[in-house]
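Given the coordinates of chain A, work out where chain B should sit on it, guided by the hints.
If you read the protein sequences in the order shown, they are chains A and B.
Going by our numbering, the first sequence opens with residue 1, and the numbers climb by one from there.
Going by our numbering, the second sequence opens with residue 1, and the numbers climb by one from there.
The hints are simulated quantities; they were obtained by calculation from the structure and are not laboratory data.
Even glycine gets a Cβ: it sits at the ideal position worked out from N, Cα and C.
Hints are supplied without guarantee of correctness; some may be wrong.
Claimed, not checked - Partial selection, computed: residues in chain B whose CB lies under 7 Å from chain A:
{"no.": "1", "residue": "I208"}
{"no.": "2", "residue": "K260"}
{"no.": "3", "residue": "W264"}
{"no.": "4", "residue": "I290"}
{"no.": "5", "residue": "I297"}
{"no.": "6", "residue": "R301"}
{"no.": "7", "residue": "V308"}
{"no.": "8", "residue": "F315"}
Protein chains: 2
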Amino acid sequence: MQTALQSWVDRIRAGEMRAVARAISTVEDGRPESRDLLKALFNFTGRARVIGLTGAPGAGKSTLVDQLAREYRRQERTVGIIAVDPTSPYTGGAILGDRIRMQAHHADPGIFIRSMATRGNLGGLARATTDVTTVLDAGGKDIILIETVGVGQDEIDIVRLADVTVVILVPGMGDDVQTIKAGIMEIADIFVINKSDREGADRVEREIRSMQSLAIRSDKWTPPIIKTVASEGQGIAELAGIVAQYEQYLRQQDLLLKKKITNWRERLIEMLRDALLERLLGQRLPDAEIARLAGEIAEHRRDPYSLVEEIIADFTKNTHRGGAEAREKVGT
Amino acid sequence: MQTALQSWVDRIRAGEMRAVARAISTVEDGRPESRDLLKALFNFTGRARVIGLTGAPGAGKSTLVDQLAREYRRQERTVGIIAVDPTSPYTGGAILGDRIRMQAHHADPGIFIRSMATRGNLGGLARATTDVTTVLDAGGKDIILIETVGVGQDEIDIVRLADVTVVILVPGMGDDVQTIKAGIMEIADIFVINKSDREGADRVEREIRSMQSLAIRSDKWTPPIIKTVASEGQGIAELAGIVAQYEQYLRQQDLLLKKKITNWRERLIEMLRDALLERLLGQRLPDAEIARLAGEIAEHRRDPYSLVEEIIADFTKNTHRGGAEAREKVGT
Chain A
1 MQTALQSWVD
11 RIRAGEMRAV
21 ARAISTVEDG
31 RPESRDLLKA
41 LFNFTGRARV
51 IGLTGAPGAG
61 KSTLVDQLAR
71 EYRRQERTVG
81 IIAVDPTSPY
91 TGGAILGDRI
101 RMQAHHADPG
111 IFIRSMATRG
121 NLGGLARATT
131 DVTTVLDAGG
141 KDIILIETVG
151 VGQDEIDIVR
161 LADVTVVILV
171 PGMGDDVQTI
181 KAGIMEIADI
191 FVINKSDREG
201 ADRVEREIRS
211 MQSLAIRSDK
221 WTPPIIKTVA
231 SEGQGIAELA
241 GIVAQYEQYL
251 RQQDLLLKKK
261 ITNWRERLIE
271 MLRDALLERL
281 LGQRLPDAEI
291 ARLAGEIAEH
301 RRDPYSLVEE
311 IIADFTKNTH
321 RGGAEAREKV
331 GT
Chain B
1 MQTALQSWVD
11 RIRAGEMRAV
21 ARAISTVEDG
31 RPESRDLLKA
41 LFNFTGRARV
51 IGLTGAPGAG
61 KSTLVDQLAR
71 EYRRQERTVG
81 IIAVDPTSPY
91 TGGAILGDRI
101 RMQAHHADPG
111 IFIRSMATRG
121 NLGGLARATT
131 DVTTVLDAGG
141 KDIILIETVG
151 VGQDEIDIVR
161 LADVTVVILV
171 PGMGDDVQTI
181 KAGIMEIADI
191 FVINKSDREG
201 ADRVEREIRS
211 MQSLAIRSDK
221 WTPPIIKTVA
231 SEGQGIAELA
241 GIVAQYEQYL
251 RQQDLLLKKK
261 ITNWRERLIE
271 MLRDALLERL
281 LGQRLPDAEI
291 ARLAGEIAEH
301 RRDPYSLVEE
311 IIADFTKNTH
321 RGGAEAREKV
331 GT
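Only chain A is shown next, with the shape it has when bound in the complex (with noise of 0.2 Å):
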């Protein structure tokens, strides 16, 4: 088990196509061999470049994620893709989109790409595209681009947590549009506006420029602002560009470890609630129970406050310590 486990990790970090391809398929579906084989990674990790780029639908993203793939590879650095587009199942658009643009990239085994459009009942999104991270980077990719829907907090949250974030925006979509949007702004390390040759982009621009005047980072990095026409290739070099300069800045001002940190601080954090909770199912509430109980509480024979500090002081090591002192602990 341990050769063969060993002989799947040299076989990853090598870049062999296949092996990374069953490393993510293994990790996303959270198999039981994904534990040993993420820890065996992690030791190879942390040398790639993450790049999360986020806007509305229709702002161009796979097609300037596209480029920016392009660019590198043009400066021979290799690169995967991380597509996340939680899709509904009658659509189906992102496992189409994905193959098209396979196909695109075909020739080049320098880029890696992955779209993950299902999303688990653990909310498994946020740790899949962790995790996926981690086999790409220990596979060798230099720069991993991760490309999310900017609608939704999960989608948010995906992307926040690169090193670097771009926001991508376009001229002309409405003011109900722009709600989405809001969310987003604040986590941009770089703004761009793809579609620029469209009118409205110098609007776009005061805009962002307006809302930066009432905020101040704490890192002090004002977030550049790129205009692109990514279905034509402008402005992508100079996107890179700008991506390097705000690396260069993380690492002139000793705030790249901080960022990272902080990061960390957070996947941490989701990590242990997700894991937490799969354990707890796995170990103590198989689904014919969690029915049972649904269906007790549905009944109002239960009510479903009692019932989880029940349930978690017998998961947890407190019960001992007796129900008073559990109970005020679960509401602090």
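Just chain B now, with coordinates in the frame of chain A:
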């Protein structure tokens, strides 16, 4: 303490506005006394009908919800409104809107409105919505309207757990915006096409119909489509009628309890997840300790995967079973 709690519960049950408002603040903030309060209140819940309404920004949700509330007041039923809108701290739109809406209903003690715009680190928005629903239900509100912006999975999860889920669409939004809505089509018990005096209402209706032909629900209900112009009150009484019809259908088919069990199943899991993390962080991992561990991970002196296993093994009762078994279980 017991007497103070009892008198608080009594005042909530009598529908006293100030007692209800204080209870909502208490449970929203997760203050220590909230557990005992919620346990006491749960016994008096289950009478209210919970209606979830969601739609893209600009769909006219607030106006529709306000009009529906008025309709229910006309029927002499009391109404609680929970508006979930996690917008940016930059805009503060939700809080402002809440004040304006409060003023519109100011004279009527039969309506209670609460906006929830903030979101804690522990992802407490779903939990908070459940808890506020418990307070309003115990407080004697006949109808509870939960309104969310249908742009993220969290918001969809919140509204999906209502007894009746209404999805609000509008004509004339581009295909890009339709993408946002894709994830919420499956959860609709009733569709509303609001602003239906605009061009394109029939097209939206056809689109819904063609999607419906692809999917048959397990409860055999075909979600009706209601056209409204909420700003002029058109179609609102019809919507209330259809909601009542759906309730009737659920009751006749013995599906109401089944639906409640399904919903409580998911809520219970969420409550367990949040409570477990809260207890772990509160009892074992103060902020400073999390920051220290995050630093060790960021510097690659520890791998997060082993760390999570160690913390959880120490926190739960399973350490004495030995590391090997514990390790195996984590992966399952």
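**Asked** Which hint numbers does the structure go against, in order from smallest to largest?
**Response** Hints 1 and 6 contradicted; others consistent.
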